[in-house]
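Line order of the protein sequences matches chains A and B. Residue numbering for the first sequence is 14 to 143, as defined by the numbering used here. Residue numbering for the second sequence is 14 to 143, as defined by the numbering used here.
Incorrect hints may appear among the rest.
As the list claims (entries may be wrong) - A short list of chain B residues far from chain A (calculated; beta carbon distances all over 12 Å):
{"hint": "1", "residue": "Val67"}
{"hint": "2", "residue": "Trp87"}
{"hint": "3", "residue": "Ser90"}
{"hint": "4", "residue": "Asp110"}
{"hint": "5", "residue": "Asp131"}
Said to hold, decoys possible - In silico DSBU-like pairs for lysine-lysine, Cα to Cα no more than 35 Å straight-line:
{"hint": "6", "chain 1": "A", "residue 1": "Lys95", "chain 2": "A", "residue 2": "Lys122"}
{"hint": "7", "chain 1": "A", "residue 1": "Lys117", "chain 2": "B", "residue 2": "Lys117"}
{"hint": "8", "chain 1": "B", "residue 1": "Lys122", "chain 2": "B", "residue 2": "Lys133"}
{"hint": "9", "chain 1": "B", "residue 1": "Lys106", "chain 2": "A", "residue 2": "Lys117"}
{"hint": "10", "chain 1": "B", "residue 1": "Lys76", "chain 2": "B", "residue 2": "Lys114"}
{"hint": "11", "chain 1": "B", "residue 1": "Lys122", "chain 2": "B", "residue 2": "Lys106"}
{"hint": "12", "chain 1": "B", "residue 1": "Lys133", "chain 2": "B", "residue 2": "Lys117"}
{"hint": "13", "chain 1": "B", "residue 1": "Lys95", "chain 2": "A", "residue 2": "Lys133"}
{"hint": "14", "chain 1": "A", "residue 1": "Lys132", "chain 2": "A", "residue 2": "Lys106"}
{"hint": "15", "chain 1": "A", "residue 1": "Lys122", "chain 2": "A", "residue 2": "Lys76"}
{"hint": "16", "chain 1": "B", "residue 1": "Lys120", "chain 2": "B", "residue 2": "Lys133"}
{"hint": "17", "chain 1": "B", "residue 1": "Lys95", "chain 2": "B", "residue 2": "Lys76"}
{"hint": "18", "chain 1": "B", "residue 1": "Lys133", "chain 2": "A", "residue 2": "Lys106"}
{"hint": "19", "chain 1": "A", "residue 1": "Lys117", "chain 2": "A", "residue 2": "Lys106"}
{"hint": "20", "chain 1": "A", "residue 1": "Lys120", "chain 2": "B", "residue 2": "Lys132"}
{"hint": "21", "chain 1": "A", "residue 1": "Lys106", "chain 2": "B", "residue 2": "Lys95"}
{"hint": "22", "chain 1": "B", "residue 1": "Lys76", "chain 2": "B", "residue 2": "Lys122"}
{"hint": "23", "chain 1": "B", "residue 1": "Lys95", "chain 2": "A", "residue 2": "Lys132"}
{"hint": "24", "chain 1": "B", "residue 1": "Lys120", "chain 2": "A", "residue 2": "Lys114"}
{"hint": "25", "chain 1": "A", "residue 1": "Lys120", "chain 2": "A", "residue 2": "Lys133"}
{"hint": "26", "chain 1": "A", "residue 1": "Lys122", "chain 2": "B", "residue 2": "Lys95"}
{"hint": "27", "chain 1": "A", "residue 1": "Lys133", "chain 2": "A", "residue 2": "Lys117"}
{"hint": "28", "chain 1": "B", "residue 1": "Lys117", "chain 2": "A", "residue 2": "Lys106"}
{"hint": "29", "chain 1": "A", "residue 1": "Lys114", "chain 2": "A", "residue 2": "Lys132"}
{"hint": "30", "chain 1": "B", "residue 1": "Lys76", "chain 2": "A", "residue 2": "Lys117"}
{"hint": "31", "chain 1": "A", "residue 1": "Lys106", "chain 2": "B", "residue 2": "Lys114"}
{"hint": "32", "chain 1": "B", "residue 1": "Lys122", "chain 2": "A", "residue 2": "Lys76"}
{"hint": "33", "chain 1": "B", "residue 1": "Lys122", "chain 2": "A", "residue 2": "Lys95"}
{"hint": "34", "chain 1": "A", "residue 1": "Lys114", "chain 2": "B", "residue 2": "Lys95"}
{"hint": "35", "chain 1": "A", "residue 1": "Lys132", "chain 2": "A", "residue 2": "Lys122"}
{"hint": "36", "chain 1": "A", "residue 1": "Lys120", "chain 2": "B", "residue 2": "Lys114"}
{"hint": "37", "chain 1": "A", "residue 1": "Lys133", "chain 2": "B", "residue 2": "Lys133"}
{"hint": "38", "chain 1": "B", "residue 1": "Lys106", "chain 2": "B", "residue 2": "Lys95"}
{"hint": "39", "chain 1": "B", "residue 1": "Lys117", "chain 2": "A", "residue 2": "Lys76"}
{"hint": "40", "chain 1": "B", "residue 1": "Lys76", "chain 2": "B", "residue 2": "Lys120"}
It should be emphasised that the hints constitute simulated quantities derived from the structure, not laboratory data. Even for Gly, the Cβ is constructed at its ideal location relative to N, Cα and C.
Now for the letters of each chain:
Protein chains: 2
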Amino acid sequence: MKDKQAIFCNDKSHHMERFLEVCLLLLLYDEIGYGYGLIEQLVNFGFSPEDLNVSTLYRTLRKMEGEGLVTSLWEESDQGPKRRVYEITLEGKENLDQWIKILKMRKSKIENLIVQYDKKIVDTTSDLSD
Amino acid sequence: MKDKQAIFCNDKSHHMERFLEVCLLLLLYDEIGYGYGLIEQLVNFGFSPEDLNVSTLYRTLRKMEGEGLVTSLWEESDQGPKRRVYEITLEGKENLDQWIKILKMRKSKIENLIVQYDKKIVDTTSDLSD
DNA sequence: AATCACTATATACATAATGTATATAGTAGG
DNA sequence: CCTACTATATACATTATGTATATAGTGATT
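Model the full assembly from the supplied sequences, consistent with the hints where possible.
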């Protein structure tokens, strides 16, 4: 039997659908970026370098290019091999705007759930009054 | 070429990992419930009866039973066939508490992203000042 | 008792998002 | 040439979810 509690210990399993993609669109909104470099910037969105999956990042960027949200080209680096640098497209910017709306809905759904949880748990546990 | 905007029109594709499961745990927290009946109650969590997937609901309940979060038994109905009625377990309640913490983290990550989006978009679009 | 509408549950198949592990390759320094 | 580092890519597996369909009991109607 697997340890059920264990899944709450590693933060990796607590992803939100496409959240990484939205963060990348926002990072690329006003400046270009490449895979490895974006990893460091993602810290500002709650991703820790350990739990951030390099494979997932690269795969996501390629997928976004396939969808026309970003374009890419190879650029020389002053240290190390060439980098595939991504630039956001107009479609990518529009896509980001849509995602922000979705995230606002998600947020309000979560807020509503938490309110209902607090209400119910208080009602249940305040039998202290006995 | 598929219409990229289309995915934003149908609300079905905007799920949040395991959100349904958490809602079910909360609904079952203080009273038992069965599949069909729970569907109506889920409206309070932002699920519309149309976009709520009956298969997903039943499958989720069975999975939760397999994980020991709920138990079930068959109960007679005053109208229609028997119902499989679910009851939350202690483990299920503990699990819910953990999920609430995760949802609070999700919420703050989303809030942070929205703040950064607003900041960046204002900076970009306020070139009106020219 | 046959049919039908309704309630209720379950499962097979497919897809999407993500994680794990590994492969490939250029660069710079010794 | 060997090694450490930077950088990108891909194969395979798992998880969560959607779509479609199957199964079956109940009660009313014919």
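Checked hints:
The claim that Val67(B) lies off the interface holds: its Cβ sits roughly 20 Å from the closest Cβ of chain A, which is beyond the 12 Å cut-off. No Cβ of chain A approaches the Cβ of Trp87(B) within 12 Å, the least distance being about 26 Å, so the stated non-interface status holds. For Ser90(B), the shortest C-beta to C-beta distance to chain A comes to about 26 Å, beyond the 12 Å cut-off, and the non-interface label holds. At the 12 Å boundary, the C-beta of Asp110(B) falls inside the reach of chain A, the nearest C-beta of that chain being 8 Å off.
Under the 12 Å C-beta cut-off, the non-interface status given to Asp131(B) relative to chain A is violated; the minimum distance is some 9 Å. At roughly 43 Å between alpha-carbon atoms, Lys95(A) and Lys122(A) are farther apart than 35 Å, so this suggested pair is violated. Between Lys117(A) and Lys117(B), the direct Cα distance comes to roughly 14 Å. Compliance with the 35 Å bound is thereby established for this hinted pair. This hinted pair checks out: Lys122(B) and Lys133(B) have alpha carbons roughly 17 Å apart, not beyond 35 Å.
At most 35 Å may separate the alpha-carbon atoms for a hinted pair to count; Lys106(B) and Lys117(A) meet this at roughly 28 Å. At most 35 Å may separate the alpha-carbon atoms for a hinted pair to count; Lys76(B) and Lys114(B) meet this at roughly 22 Å. In summary, the hint linking Lys122(B) to Lys106(B) is supported, as the alpha carbons are separated by about 25 Å, within the 35 Å threshold. The straight-line distance between the Cα atoms of Lys133(B) and Lys117(B) is roughly 24 Å, inside the 35 Å bound, and the hint therefore holds.
Pair hint Lys95(B) plus Lys133(A) holds up; C-alpha atoms about 29 Å apart against a cutoff of 35 Å. With a CA separation close to 39 Å, the supplied pair Lys132(A) and Lys106(A) exceeds the 35 Å bound. Taking the CA atoms of Lys122(A) and Lys76(A), the gap is near 28 Å; set against the 35 Å cutoff, the hint holds. A C-alpha spacing of about 20 Å is found between Lys120(B) and Lys133(B), which places the hinted pair at or below 35 Å, so the restraint holds.
Our distance criterion of 35 Å between C-alpha atoms is met by Lys95(B) and Lys76(B), whose separation comes to about 20 Å. Straight-line distance between C-alpha atoms of Lys133(B) and Lys106(A) comes to about 12 Å, which keeps the hinted pair within the 35 Å bound. Note on Lys117(A) and Lys106(A): the hinted pairing holds, with a Cα-Cα distance of about 17 Å set against a maximum of 35 Å. In summary, the hint linking Lys120(A) to Lys132(B) is supported, as the alpha carbons are separated by about 18 Å, within the 35 Å threshold.
A C-alpha spacing of about 52 Å is found between Lys106(A) and Lys95(B), which places the hinted pair above 35 Å, so the restraint is violated. With a C-alpha separation of about 28 Å, the suggested pair Lys76(B) and Lys122(B) falls inside the 35 Å cut-off, and the hint holds. Our distance criterion of 35 Å between C-alpha atoms is met by Lys95(B) and Lys132(A), whose separation comes to about 32 Å. About 14 Å separates the Cα atoms of Lys120(B) and Lys114(A), which keeps this hinted pair within 35 Å; it holds.
Only pairs whose Cα atoms come within 35 Å are accepted, and Lys120(A) paired with Lys133(A) is accepted, the gap being roughly 20 Å. Proposed proximity of Lys122(A) and Lys95(B) is supported: the alpha carbons are some 32 Å apart, at most 35 Å. Pair hint Lys133(A) plus Lys117(A) holds up; C-alpha atoms about 24 Å apart against a cutoff of 35 Å. Between Lys117(B) and Lys106(A), the direct Cα distance comes to roughly 28 Å. Compliance with the 35 Å bound is thereby established for this hinted pair.
Distance check on the hinted pair: Lys114(A) and Lys132(A) sit about 27 Å apart at the alpha-carbon level, within 35 Å; holds. In summary, the hint linking Lys76(B) to Lys117(A) is supported, as the alpha carbons are separated by about 29 Å, within the 35 Å threshold. Between Lys106(A) and Lys114(B) the CA atoms are separated by roughly 32 Å; this keeps the pair inside 35 Å, and the hint holds. For the hint pairing Lys122(B) with Lys76(A), the CA-to-CA distance comes to about 23 Å; that is within 35 Å, so the pair holds.
For the suggested pair Lys122(B) and Lys95(A), the alpha carbons sit about 32 Å apart, so the restraint of at most 35 Å is met. Annotation: proposed proximity of Lys114(A) to Lys95(B) is violated, straight-line Cα distance about 42 Å (limit 35 Å). A threshold of 35 Å between alpha carbons decides the hint, and for Lys132(A) with Lys122(A) the separation of about 15 Å falls inside it, so the pair holds. Distance check on the hinted pair: Lys120(A) and Lys114(B) sit about 14 Å apart at the alpha-carbon level, within 35 Å; holds.
A C-alpha spacing of about 39 Å is found between Lys133(A) and Lys133(B), which places the hinted pair above 35 Å, so the restraint is violated. Between Lys106(B) and Lys95(B) the CA atoms are separated by roughly 26 Å; this keeps the pair inside 35 Å, and the hint holds. A distance of roughly 29 Å separates the Cα atoms of Lys117(B) and Lys76(A); the hinted pair therefore holds under the 35 Å criterion. For the given pair, Lys76(B) sits about 26 Å from Lys120(B) by alpha-carbon distance, which is consistent with the 35 Å threshold.
Of the hints listed earlier, those the structure fails to meet are numbers 4, 5, 6, 14, 21, 34, 37, in rising order.
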